[in-house]
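Please model the entire structure based on the sequences and the hints provided.
Residue numbers (the UniProt record's numbering), protein chains in the order written: chain A, 1 to 196; chain B, 1 to 196; chain C, 1 to 196; chain D, 1 to 196.
Read the hints as simulated data drawn from the structure, not as lab findings.
Take the hints with a grain of salt, since some may be wrong.
[Stated by the list, open to error] Per label pair, the in silico range of CB-to-CB distance: (1) A:71 - C:171: 34 to 44 Å; (2) D:167 - B:125: 25 to 35 Å; (3) D:152 - A:74: 48 to 58 Å; (4) A:57 - C:75: 35 to 45 Å.
Note that this is a predicted model, so its numbers are computed, not measured.
Here a beta-carbon is modelled for each residue, glycine too, at the ideal position from N, C-alpha and C.
Protein chains: 4
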Amino acid sequence: MSVRTPDPDPEWTPDSDPPGPVESVTPGWLSDIELAEIRGRLPLLYVEAVPVRVDGLGQVTELGVLLRATAVGEMTRTLVSGRVMYGETVRDALFRHLEKDLGPMAFPQLPLSPVPFTVAEYFPMPGLSAFHDDRQHAVSLVFVVPVTGTCEPRQDALEITWMTPEEASSAGVGAEMEGGRGVLLRQALASVGALR
Amino acid sequence: MSVRTPDPDPEWTPDSDPPGPVESVTPGWLSDIELAEIRGRLPLLYVEAVPVRVDGLGQVTELGVLLRATAVGEMTRTLVSGRVMYGETVRDALFRHLEKDLGPMAFPQLPLSPVPFTVAEYFPMPGLSAFHDDRQHAVSLVFVVPVTGTCEPRQDALEITWMTPEEASSAGVGAEMEGGRGVLLRQALASVGALR
Amino acid sequence: MSVRTPDPDPEWTPDSDPPGPVESVTPGWLSDIELAEIRGRLPLLYVEAVPVRVDGLGQVTELGVLLRATAVGEMTRTLVSGRVMYGETVRDALFRHLEKDLGPMAFPQLPLSPVPFTVAEYFPMPGLSAFHDDRQHAVSLVFVVPVTGTCEPRQDALEITWMTPEEASSAGVGAEMEGGRGVLLRQALASVGALR
Amino acid sequence: MSVRTPDPDPEWTPDSDPPGPVESVTPGWLSDIELAEIRGRLPLLYVEAVPVRVDGLGQVTELGVLLRATAVGEMTRTLVSGRVMYGETVRDALFRHLEKDLGPMAFPQLPLSPVPFTVAEYFPMPGLSAFHDDRQHAVSLVFVVPVTGTCEPRQDALEITWMTPEEASSAGVGAEMEGGRGVLLRQALASVGALR
Chain A
1 MSVRTPDPDP EWTPDSDPPG PVESVTPGWL SDIELAEIRG RLPLLYVEAV
51 PVRVDGLGQV TELGVLLRAT AVGEMTRTLV SGRVMYGETV RDALFRHLEK
101 DLGPMAFPQL PLSPVPFTVA EYFPMPGLSA FHDDRQHAVS LVFVVPVTGT
151 CEPRQDALEI TWMTPEEASS AGVGAEMEGG RGVLLRQALA SVGALR
Chain B
1 MSVRTPDPDP EWTPDSDPPG PVESVTPGWL SDIELAEIRG RLPLLYVEAV
51 PVRVDGLGQV TELGVLLRAT AVGEMTRTLV SGRVMYGETV RDALFRHLEK
101 DLGPMAFPQL PLSPVPFTVA EYFPMPGLSA FHDDRQHAVS LVFVVPVTGT
151 CEPRQDALEI TWMTPEEASS AGVGAEMEGG RGVLLRQALA SVGALR
Chain C
1 MSVRTPDPDP EWTPDSDPPG PVESVTPGWL SDIELAEIRG RLPLLYVEAV
51 PVRVDGLGQV TELGVLLRAT AVGEMTRTLV SGRVMYGETV RDALFRHLEK
101 DLGPMAFPQL PLSPVPFTVA EYFPMPGLSA FHDDRQHAVS LVFVVPVTGT
151 CEPRQDALEI TWMTPEEASS AGVGAEMEGG RGVLLRQALA SVGALR
Chain D
1 MSVRTPDPDP EWTPDSDPPG PVESVTPGWL SDIELAEIRG RLPLLYVEAV
51 PVRVDGLGQV TELGVLLRAT AVGEMTRTLV SGRVMYGETV RDALFRHLEK
101 DLGPMAFPQL PLSPVPFTVA EYFPMPGLSA FHDDRQHAVS LVFVVPVTGT
151 CEPRQDALEI TWMTPEEASS AGVGAEMEGG RGVLLRQALA SVGALR
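Encoded structure:
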């Protein structure tokens, strides 16, 4: 089974990521075959986001986790995530993937700083880090992003679940998170002083 | 001349800070004489904030700096700042001083994390750090805080000036900042990736 | 019972902290009675350190936790900690307390940055934060500090226990940590990417 | 002229980076032609380091900057930098490039945290960020790394220059830094509280 980390939707393919047939309009983007080849040769750069709700004093009250069905019908949980494209800033990529996964009415408050709260390294081979991805070596800049609007996951089979900090750091949720991302939820909580 | 760092308003006294006559209702707060004595004995804990305006991608476009007249009529620039009171969280103190200095309609977005972008140490004696305060040894947790509403400084003789990142990091503005806080503006810009 | 957080040794008194009778030589330091009074009036500024061992690539392999007996004979665990004195930099205070608690041969590598990995707020009243201290309102800047030498706790009844990241983040160790500091161990691990 | 950012040595080619003829032994590494093609299609992941000397309290006293001659005989300054390879952790890449650029006796103290002090984005097209690289879109995780040993740049035409914080943040040095990296020196200083 292929864990499709960190592209969270089962129907995602490299050329569905940008709108339309990209090879003709955007030479920097890649066909399926090209991307598959590169995946065995280079680390790919990703961004990921933990969407949160905050109270009036900036304290995190809830974390949003995406739920989806894999190709074999298993339910799994993941974060907002996706590749940084050629010529795209990290900030633009973060915004693009937040909109792709949470819809246009989520109104995310993007981070002031380009520095992530952690750098998650995904490897196809085990033992190199806490994170794994069968498909590729991916290096992901991970951010906590408050959202103030309505989140409506736009891809098939996706739903967003809001959890309290206690729920998000539980072993049960951790076990359901794809690719080892339960650790990312706990690191996110630690970065905002809400780990218990 | 007494640089009133980091309490930015000339009329501020310890018991004007909380509303009403505090000695009777809040034994944790201090009279003028008590505070003056403690100022020579202990480091006092402060919070400071650099208010900013951000664009839709979270990038800082402007920084807000307070302008005021000192007791001797000099104009000087400073940041939002004030003491953390007994029994008050850092987050509550930050919110209280933002409201005190920017008014109730500033709508600050408080930081997710309790970790400041820098810790500024103010000493009455020279040479120990980049920051000085004739009155006291103060240790200040400094945050960048986006504001989305209208800022109306509420104390006499205070005005807020909005500057671009370039202006805020200029030598001219740095020289006008009270107690060495020009460095704080540049550190704030560095922390959001906007130092040039 | 008085939890002596965050001064880890039972025999500690304000004037044993600096060497010799301090009132006569250092007017900025405080007698027992003065400190007791101030403790009910102002937040006190502390530094704390999680001593760690690292491998050649900078990865944390072990965390050091202090073990001591309380006045009533209970065993409890805590971190390197202590007050920042008047006129003392945060960095100097950190160095002084590392030497006080780990001995002169610990060879700590002090952090490059004055920014702590977290700010821990201790209150005598419950519910305001994850941390409590019966004696006082203390605000603590907490750092992870690699030590390369030999640690020999210098105060009575103190011993240092080295733990793996897994042990340090366990519920058992967390329950033994004074004042809620089990959370600090997990936050420390998160800050170095070693939380699991 | 090709600015070779962020690979600092003029003779560097993709297959000189790992030792020996890599295509045969390490399928994840790339030939010159392959790398050239990929450079127009994907952002490449880099690490960079600002080597520093620190005093006994952890304060940065000097920063190390590499000097080299370009193919056309110009002198230019840069940082320790290089690509993250397939299957390699960020930490391993950082160590490998520190050794490549500073020699085996530099004894770098690698950062405890995988989080860089800044993320520098290099684009071939102007205006997207403060950094540029004619060759490629590169995203670089930048760290401050204390070195305690002797630095002997191992590649031809490389020399390391040690500068005080004041010198490193001067406009003159900034103008000599390749690809806009003068900003990185100032951001590095801000991250350790040494920007003035």
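The hints, checked one at a time:
At roughly 37 Å, the beta-carbon separation of residue 71 (chain A) and residue 171 (chain C) lies within the given 34 to 44 Å, and the hint holds. Remark: the range hint 25 to 35 Å for residue 167 (chain D) to residue 125 (chain B) is upheld by a beta-carbon distance near 27 Å. The hint said 48 to 58 Å for the Cβ distance between residue 152 (chain D) and residue 74 (chain A), and at roughly 54 Å that hint holds. As the Cβ distance of residue 57 (chain A) to residue 75 (chain C) is approximately 37 Å, the hint placing it in 35 to 45 Å holds.
The structure shown violates none of the earlier numbered hints.
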